[in-house]
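Build the full structure now, drawing on both the sequences and the hints.
Protein chains in written order, with the numbering used here: chain A, 11 to 312; chain B, 283 to 561.
I should point out that these hints are in silico values taken from the structure, not numbers from a laboratory. Keep in mind it's a predicted model, so treat the numbers as computed, not measured. Warning: the hint list may mix true and false statements.
[What the hints assert, rightly or not] Derived pair list, reagent style SDA-like, types lysine to any residue, alpha-carbon separation capped at 25 Å:
no., chain 1, residue 1, chain 2, residue 2
1, A, Lys302, B, Ala510
2, A, Lys308, B, Ser352
3, A, Lys291, A, Leu259
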Amino acid sequence: MSGFRLTADKRTSLADAAGYVTDGATVALGGGLCARLPMALVRELVRAGRRGLRVVGSAHSMDVDLLVAVGAVEVCEESYVGFEQDLGLAPAFRRGAESGTLNVRESSCVTVLTQLRAAEMGLPFLPVRGIKGTDLFALHPEWGMVTCPFTGEELVAVPALAPDVALLHAPFADAAGNLHLDQPYVLDERFAHAAKAVIATVDRVVATGEVVAAGVTVPAHLVAAVAEVPFGAHPSSCYPGYAYDRAHLAEYVRASVAGGEALEAYVDRFVRVGEDAYREKVAPERLAAWSKSDDEWKGLFL
Amino acid sequence: MTAAGTRETTVTWSFDEWFVVALARTIADGEVVFHGFASPCAQVAMHVARRTHAPGSLLIEGATYAVNPSPAFVPPTSNDLSLHRDAVYRMRFEEFFDAACRGDVDRMFLSGGQIDGYGNTNVTAIGGLPRPKIKLGGGGGGANISATIGALTVWTTRHRGGRTLVARTDFLTDLGHMTPAGSRASLGYTGGGPQWLVTDLGIFDFEDGHARLVATYPDVTLADVERATGFDLRVASDLGVVPGPTPAEIAAVRAADPLGVRRSEFGPDDLARRFGDAG
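Here it is, written out as structure tokens:
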């Protein structure tokens, strides 16, 4: 029976959307660095008290750090977790790795990409370039070696990766679940094709015609559920709607660096209150000002 | 004032500006160049190169994968819409990595918490895994594409502290010329590997796969470099001084980076290093 999702109306609540993630699931988080992260879904996972998650993907920041901070993550296989030179190392991720409470099985961008492609193509594995000679290989007993039957070249072989759930945030979608995304797509398209369940939050649910006019990036037949959550990527950006909220990211990083009571206070104040109350507190409408002028845009990064 | 009575322009610059120019000069005109996450100096350097000596290059802008954009400013995060400005095309993630794997990307900039004499870098963990002393951000795609990209400009702004250039990295994330598992050639790697190592003290090239100091900044002595370098320090017989930036290069740095994100890579001592004088 096909894995395609043929229900006509995919709309659901944020809580029900997040409910597709069970304890111990392999979760692919969409977006990248501080852009288009599925933050509302991440906050909902925190509210639901999820445990034992395995997170996979490329470059991330607050989404992974917050999940690690509340003890939701057992294994992290991202290729990068941090706030770059913007706000520095990811504090909870770092603490988890250094204390041994977080199992870090660091991967690399092309490796994850290749594993997703194998799943998309219905293949059990694919070969990948590089890796031999690096210390990443020893972190992954599930990787192997293969000899090319035509050239005799020895290549690293990586198994297919079909995440249990892909969590994406998009600017808009229709009720059927056709998503429109703007570039950079990061790995969102690949996740949508490889994952067993694709869950999306969107800033707006719109008529099908509007999604078609802008371009359907992820078709409805790949999407299991859509929840309308305005500013659902906040504090990361979701252009053209809103730039990222540097002040809020910095506040989170300070709380995560401090850990203990300060971190608990952040989670109480911004996560446990529920998504509607969160949005009222952070008042994200001012982040739309980026489009007024280059000076306004620059000002958001100061 | 010269004898002719004309007034020469005062050209002074700060160390961070010179460092970015040094990185920019490693790009040859016509190259296809990329920078990864968390590399503000490399990011600005690529735009400086395209605005000065390398106008024919193709620049792939970090995590946005925009091709030849002309951003009004460089933001502190490498995945931002502001970086797309004027780009006619934006690659997909997989499009960029495929190009890098098959040999169509000529140069990439790579840094590291630790760098050894063969240009291997550690962007994963000081103290190694599973119990690191410091868990760093992670290598992104470096473990794959350091094998296949044409040439690497390796760089660090933390040479002076003595803990970055080491005899052996605690974890090997990105591939230099010789790893414990063998040389690039024996591993079947087609990319050229590290070509330059640019630091806050000077510039190294790679001779027979090993870093070799070829130039220092005028306020740096060879003893400074010896003190700070944990690997076997090879020195070129014609060791020189890093050539100063031209006024056009300095202007390009300032125009490309009005927010000064490059400065986040330097401590206050390095930012206080100033050069140049009135004509």
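Each hint, compared with the structure:
For the hint linking Lys302/A to Ala510/B, the alpha-carbon distance of about 48 Å lies beyond 25 Å, and the restraint is violated. Note on Lys308/A and Ser352/B: the hinted pairing holds, with a Cα-Cα distance of about 15 Å set against a maximum of 25 Å. Under the criterion of a C-alpha separation no larger than 25 Å, the hint pairing Lys291/A with Leu259/A is consistent with the structure, at around 14 Å.
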